[in-house]
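Student: Let's have the full structure, built from the sequences with the hints guiding it.
Chains as they are written, first to last, in the working numbering: chain A, 1 to 251; chain F, 252 to 434.
The hints are simulated quantities; they were obtained by calculation from the structure and are not laboratory data. Mixed in with the good hints there might be a few duds.
What the hints assert, rightly or not - With the C-beta cut set under 7 Å, the calculated list includes, among others, these residues of chain F facing chain A:
{"no.": "1", "residue": "G264"}
{"no.": "2", "residue": "F269"}
{"no.": "3", "residue": "S282"}
{"no.": "4", "residue": "Q299"}
{"no.": "5", "residue": "I306"}
{"no.": "6", "residue": "F312"}
{"no.": "7", "residue": "V313"}
{"no.": "8", "residue": "D315"}
{"no.": "9", "residue": "V369"}
What the hints assert, rightly or not - Facing chain A, a subset of chain F residues (Cβ under 8 Å, in silico):
{"no.": "10", "residue": "A266"}
{"no.": "11", "residue": "Y273"}
{"no.": "12", "residue": "W285"}
{"no.": "13", "residue": "E295"}
Here the structure is a predicted model, which means the values were calculated and not measured. For every residue, glycine included, the Cβ atom is placed at its ideal position computed from N, Cα and C.
Residues per chain are reported as follows:
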Amino acid sequence: MTEEPRDRTLDSFVAVWAAPPPCPEFHSRVRGAFEREFVKAPRWRRWNGALAWRFGKGLLGSAAIGALFFLVIGLAFPQTERFRLPWLHPSLTMDFEQISYSDNGTPRAHVYRRIVPPNRVLWTYSTDYPYDDMLKRFVSEANYLLERITSSFLENTEQAREDVYPLAAYAQTGCVGGYTPPQSRERILGYETLLGYSTTLIQWDMPHRPRITEWLAPSLGCRALKVTLENLRPDGSYHLISETRALNVVP
Amino acid sequence: MTDAQLIRKAAGGDAGAFQLLYERHWKAVYSYAWLLTQSVPDAEDLTQECFLTLIRKPESFVPDRAQLRTWLIAVIRRQHLGRSRRSVRDSSIDDEEDFHVAPGLEEELIRLERADAVRLAMNALPPAQREALYLFEFEQLSLAEVAGILGIEVNAVKARLYRGRERLKLLLAPLQAATKEMP
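Tutor: Here you go:
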């Protein structure tokens with residue numbers, strides 16, 4: 001391919017041709033756009049920047065002050081129903097060990113803790129896999145805190161009493177006739193004492209589901225201190241697929 | 252440091268590398284953007300977007316296939332066509348349109364500063380010829396590079412260059428005469 005010769009007669013014009021200059025702040029604007037999109041700030045600054053951009057710095061500051069206010073009120077006046085911070089005053093803490101059995105009978109143990117605040121919202125997290133469960137714990141705790149904050153605004157004492165009443169009535173009957181899964185049959189197997197608490201052994205048979213046996217403690221609001229799940233074999237016998245038992249209870 | 256090295260560094264967040272890259276090429280990119288848009292704000296937008304596109308997709312520039320300036324100019328053109336919803340085909344049609352010197356243009360060219368006059372004369376060319384002439388004469392790109400950017404055959408580039416040059420000379424003739432007459 002023969003290259004087209006340059007036209008020398010245009011040289012003098014080529015030398016003076018120029019586009020009109022850009023506005024004075026143009027170069028800094030381009031640099032700014034690059035830095036916003038590509039320059040890596042520390043992660044906390046990026047999150048902070050993103051949050052501030054989304055919600056506004058004022059709102060973030062207000063949220064922080066509000067959280068501090070609730071903390072101070074909760075600590076100073078724990079008896080104030082409306083402003084109490086339940087997560088600071090758990091009514092019951094229980095550690096559980098759960099042993100699951102695979103099809104070939106290999107056991108797998110799992111330890112977790114349940115915290116029952118006064119409003120009966122369960123807070124569960126595992127203690128034996130700290131790294132694997134870290135995210136779950138974070139989400140669980142963040143969700144729990146959010147629930148408590150919103151319920152502090154919405155819940156009133158009368159409503160709380162109404163919620164508590166059926167549970168109290170259930171406990172008074174020795175944890176019998178409370179929750180019955182659909183198409184299930186409830187049987188009282190007897191009474192045992194676990195970790196110093198009287199329990200009622202109740203068993204549920206459900207079609208095509210594992211058989212559940214629970215050791216329910218009336219004095220703990222009918223919380224189960226032991227639970228077993230069994231599958232029905234074709235020969236009519238049952239084999240254990242999991243057993244969960246409380247290791248300790250701190251009221 | 253080569254352009255490719257600077258692009259890699261800039262993509263990793265190196266502001267200094269981006270600055271160097273920008274300083275090397277902004278003028279060519281901006282000038283061509285202005286030639287296409289005839290608007291300073293639009294040319295600025297196109298230029299900014301072009302550089303950010305390069306950093307967003309550094310792998311799309313292959314140094315063995317083209318020099319960076321050519322690549323950037325091609326990106327500018329694609330972005331401009333995308334924005335103005337003109338197809339490449341549309342942009343090549345006006346090549347053959349009739350060319351008339353607007354009334355009063357000659358007097359205007361003589362009256363203006365030389366740089367403004369050349370700019371006005373360039374703007375008076377049909378867009379297809381203006382682009383070919385600019386890329387070849389002003390940016391000193393090769394015929395193959397111009398053909399690649401415009402998406403046409405080399406022979407078509409030659410034809411546009413020929414017509415563009417003739418018309419530009421015609422437009423700038425009064426300016427040349429006025430310059431010669433000056434004491």
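Student: Look at each hint and say if it fits the structure.
Tutor: Okay, the hints, checked on the actual structure:
no.	hint	in the structure
1	G264	5 Å, holds
2	F269	5 Å, holds
3	S282	4 Å, holds
4	Q299	5 Å, holds
5	I306	6 Å, holds
6	F312	16 Å, violated
7	V313	21 Å, violated
8	D315	19 Å, violated
9	V369	5 Å, holds
10	A266	6 Å, holds
11	Y273	6 Å, holds
12	W285	4 Å, holds
13	E295	5 Å, holds
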